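*Asks:* Those protein sequence lines, which keep their order, are chains A, B, C and D.
First residue of the first sequence: 464, per our numbering; consecutive thereafter.
First residue of the second sequence: 132, per our numbering; consecutive thereafter.
First residue of the third sequence: -17, per our numbering; consecutive thereafter.
First residue of the fourth sequence: 263, per our numbering; consecutive thereafter.
Please keep in mind that the hints were generated in silico from the structure rather than gathered at the bench.
Note that this is a predicted model, so its numbers are computed, not measured.
From the three backbone atoms N, C-alpha and C, an ideal C-beta is built for every residue, glycine too.
Possibly wrong hints are sitting among the right ones.
[Said to hold, decoys possible] When the alpha-carbon atoms are kept at most 16 Å apart in a straight line, the in silico EDC-like pairs for lysine to aspartate or glutamate are as follows:
#	chain 1	residue 1	chain 2	residue 2
1	B	Lys147	C	Glu111
2	A	Lys596	B	Asp376
3	A	Lys491	A	Glu530
4	B	Lys220	B	Asp288
5	A	Lys848	A	Asp814
6	A	Lys596	B	Asp288
7	A	Lys848	A	Glu595
8	A	Lys654	A	Glu681
9	C	Lys107	B	Asp141
10	A	Lys580	B	Asp288
11	A	Lys835	A	Glu725
12	A	Lys732	A	Glu828
13	A	Lys732	A	Glu831
14	A	Lys646	A	Glu620
15	C	Lys152	C	Glu180
[Unchecked claim] Where chain A lies over chain B, by a calculated footprint (3+ residues, C-beta under 8 Å):
#	segment
16	372 to 381
17	442 to 448
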Amino acid sequence: MSGKTLAAAVFGIGLAWSAAASAQETLKVGVILPFSGPFADAGAQLDAGIKLYMQQNGDEVAGKKIEIIRKDTGGPAPDVAKRLAQELVVRDEVDILAGFALTPEALGAADVATEAKKLMVVMNAATSVVTEKSPYIVRTSLTIPQVNYAFGKWAFEKSGVKEAYTLVADYGPGHDAESSFAKGFTEAGGKIVGADKTPVANPDFSAFVQRVKDASPEAVYIFIPGGAQPAAIGKALAERGLTPPATKILAQGELTHPEALESMGDTAKGIITAFHYTLERDDPLNTEFVKAYRDANGGRSPDLFSIGGYDGMHLIYEALKKTNGDAAGDALVEAAKGMSWTSPRGPMSIDPETRDTIQTIYIREVQEVDGKLQNVIVEEIPDVKDPLHGQAK
Amino acid sequence: MSEIARNSPDPRLWLKQRSRWSIVEIAFWLAALLPFFLFPAYLTLASQIAIAALFAVSVDLVLGYAGIVTLGHAMFFGLGAYAAGLISKAGWGEPLSGLVMAGVFAGLVGYVASFIIVRVQHLALIMITLGLGILSYELANAMSWLTGGTDGLQGVDTWPLFGAFEFDLWGKTAYSYALAGLFIGVMVCRRMVHSSFGLALRGIRENVRRMPAIGSDYRAHLQTVYAISAAIAGAAGALLTQTTDTVSLDVLSFQRSADVVVMLILGGTGRLYGGIVGAIIFLVARDQLAGINPQYWYFWIGVLLMVVVLVMPSGILGGLARLAGKRD
Amino acid sequence: MSAAEVVLRTEALEKRFGSLKVTRGVTLELPRGARYALIGPNGAGKTTLINLITGQMRPDSGSIALAGRDITAMPTAGRVQHGLTRTFQINTLFPDLTPIEAVTLAIAERERVAGQFWRPLAAHKAAIEEGFEILRGLRLADVATRTTRTLPYGQQRLLEIALALATRPKVLLLDEPAAGVPKDESAMLFSVIAGLPEDISVLFIEHDMDIVFSFASRIIVLVAGAVLLEAEPEVVRTDPRVREVYLGQAAHG
Amino acid sequence: MIGQIAIVLFDGFAFGMLLFVLSVGLSVTLGLMNFINLAHCAFGMLGGYVAVTAMRQLGLPFVASLPLAFLAAAAVSVIFERTLFRRLYQAGELNQVLFTIGLVFVAAATATYLFGTGQQPIQLPSWLRGSVEIAGMRLGAYRMFLVAVALAITALLVFGLERTRFGAQVRAAVDNQRVAQGLGLDVDRIFAVTFAVGSGLAGLGGALAIEIVGLDPSFGFHFLVYVLIVVSVGGLGSVAGSFLGATLLGIGDVAGKYFVPEIGSFLIYLIMVAILFMRPLGLLGRR
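With the rest of the complex left out, here is chain A (with noise of 0.2 Å):
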């Protein structure tokens, strides 16, 4: 528990500072995650990569201080982000809108960015759609499209699977995944002989597998949500000996975290991914983030919300100092269309049309290194950007 002493700490520390420092001007940043319910792990890992941030590079930014306004959406649900988002503006005056892990957080308070013309930085909302919602829209994550499209490509041309079967969480990231992934392996000549979609809330996965293994595909492809279900996936494919190099196994990167890693064991080697942060990548600037981050959080890794946090927040500094401190929306967008820098996910730029993430998907495998399971990266695919804006959906 002593990243939890720690950031309380911190925590004090900043109301202390805070209370010194009321003359001068302070930026209000309002961050809306489901800090409980179901999803209330990404809420907690996103909001550790902004303090990370912050911890890292102080509250203070083009003379102005960061005063970060915390509100629960408790989950999924829309009306309740754009609740949060009107009363942060009207209330709490905030100048910019962050956090939104999940889709419909996003699309719940992208209206009030556009009304309020306030900087919304999305941290993690991954469908492709967010960043159209309005103007004010900037994301620092990823797109589902982004990772899956550029990996069925690549599983077809590099890899050289011909044939796969999809296997999909039922429900809007799971659908993404599926069409990008079928749309990039099939464009490039691959085949999907069979899809199944499974229920996001009743994970047994074993009919499922059963299913694919009735059909002995030469690959599968797997997209489910973090948290439990990765590990039991896992786990129900090496009961039904589903395990490489017999059979491929593709996925988007939560299958593989560190957690699932322990708990399926041996059988996770030879499981192949596609993400565009790898905690194991070799890299002075990712290690030490790594370290810091496990430092603050007894001992808990960071993933991909925490780097979804993270860069976003240094996005909000790095548009700050551009714009000196102006907190305008449309200065604050500005500023943003096109900026890059190097995170410790690798390098990345803010594509200034569509206000999405331009970076490296890395596709790995999962080795044994040094008595440890790992993501090794095996391929970098640089400037990967998403590949239905512009596309009517």
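Chain A is already provided as a structure; the job is to place chains B, C and D on it using the hints.
*Replies:* Chains B, C and D in isolation, oriented as in the chain A frame:
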């Protein structure tokens, strides 16, 4: 109350008196206008409280008055919300007519569902309401081509109220609209509760076994009240859609069904205003506690619920009524 | 037997629970204005018979006719609406309603206006006044606006009857109306029953033989689910079989 | 093909057994005390966290942590029963619902505070991982373990209820509490012990569930619906009913997903509504 009874031999007068407006009631509705002046920055919250309160009142009709314990009423809230959203998406964004259509739609579905509901009791009833609620959620998820799935319905655009009042960022229009909706809803329920139908519902709740023995086809009453309750729940859902221009699967969730029952019991069942008081206390406490600590607020909500049960077993309104020394 | 019109007739009613036959071939006739008593030792199936007649239970075979109309398949509420009403041995009241509310509800149901949800209750003037008259007739007027659960037990027994009367019955089945009431009060209660309108046919279950013999015009003796004897009180009093199976055993129980 | 179906059925059965262990306690306590304990799965969550802590902090093997999960949940539940729940036996079902929901909130917040929001992975011993080949079928080792544990528990419960003096007392109390009290049975003690055993089993179930569905602070809410389905479909107060309900739910769920994946998420709810509509007391419920 008993004094009135002794002094007044006229039972009709006594019955009339029971349905008369009390000062507390009038004061309550006047106080409902205070947020416009005292808390102008809280109007959006107030509008969502009013909507939750209307939803709780609809549940009170079936749970508090007719004794149907339901854990699936979000089904009708959600149906109303989606109906309003889809009507608006189809190009008709006029709020009042959309509200009525959504309410009628939810009421019709409620009537159909009531054929099942009135034939079971106790745990089976609770579980069937819960099952139907979850089925409607899963159905909406499966029909994501229509509902937009977990991402929510896109393209909802509600026109200004009466063609003049935009739904503004401060929530003035939203609160006015939601409060008016709540007021009308409560007035409808109030009228119903104080009719012979309301009396029959109380009879059902008090002793369902006796009802047939006084010649009552009580299942028909239950079906009526279930349909009306569904319609009001649907109207509450439609209000949420129209004041926020958003709908997602969340409106159909088990969580919402459970929350509304918690609010209602918290405030006190069978009192019409219990649901409103419960919604106010639950949501204000939630907002304030989450403001202090967004991660652990529900610890204190849990403590609040437990303490209320131990200290005020008939809900907050029941407890207040007892404190005020009168038995309702 | 007089030539009075028969309002209730059962024909060879049978009911079994598992292997236990609780009602065996019961055939009864209740003429208009009857004051019949149904007696029998504990477990004879008296309450079951009432449940069968009023529709709380369905007979395995046999039929029931009310005023010449077959009601065997009719649900309870329908039978009540056709004038066949009962009271319960154990108070089956509405604890949180007041007596005036309860009787008004019964009248509203009878008049088929209970489903009107837009008209204020107080506007049902005739129903309320009729209900108050019924309460007055049973000496419940003073407590008409008190919550039922706060009434003394004896008054709750009277309210049982008031509720039944409010349905304007042609046939009234009273299941031990004086159960649990002190003896002096039960005499009062039965004087009320005796004073019911002439055209109501009454069948009552009662254990107190003094009351039975003073109020019943005719007595039906039920033993082990079957009718042992149906006759005038004097006949029953002297019948050796009755003495043996009932009076001898239960001795004014 | 037959082999595949057999595997699917076995998997469903194993999942059902997990649900059985989680829910049988609630069925008995509901039948016995008419106490609606929506916090039942919170005791399951407690068991889960105790097992995780025992394995991580004390270095105990998985199997040794299971009895600890049982004991901890039983002990904590008895404290709650004696101090708080007993006040609510006469308080009406709505108050019981509100109170125990409140307890679930408190439990979830406490778990978040102590363990964080993340998943709690555990390392099973190697003999419980992977699969075993039996008669040409690959059966998951852990699922076989689950089935064995659940069957052992069923045997113990049935033996305890049918063959022991205490069991006879419990059955008498379930059938008719007033009569049991009249016969001079110590109903208070029967309640406390039954409650402890029921919650303890939930705790054990929580520990067993980590491997299949994971463990995080929302466990208490997440599994509530499944447990309620098992209890209502099986029938209150019946061990055999819970067993049947859980088996049906597990197999129905898995088989439904396998054969008609399009309605996989609907099926168990449809089955439940249909069964309860036709048999409102559940399959083996008596009252």
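*Asks:* May I ask which of the numbered hints given earlier this structure violates, with the numbers listed in increasing order?
*Replies:* Result: hints 10, 17 break, sorted rising.
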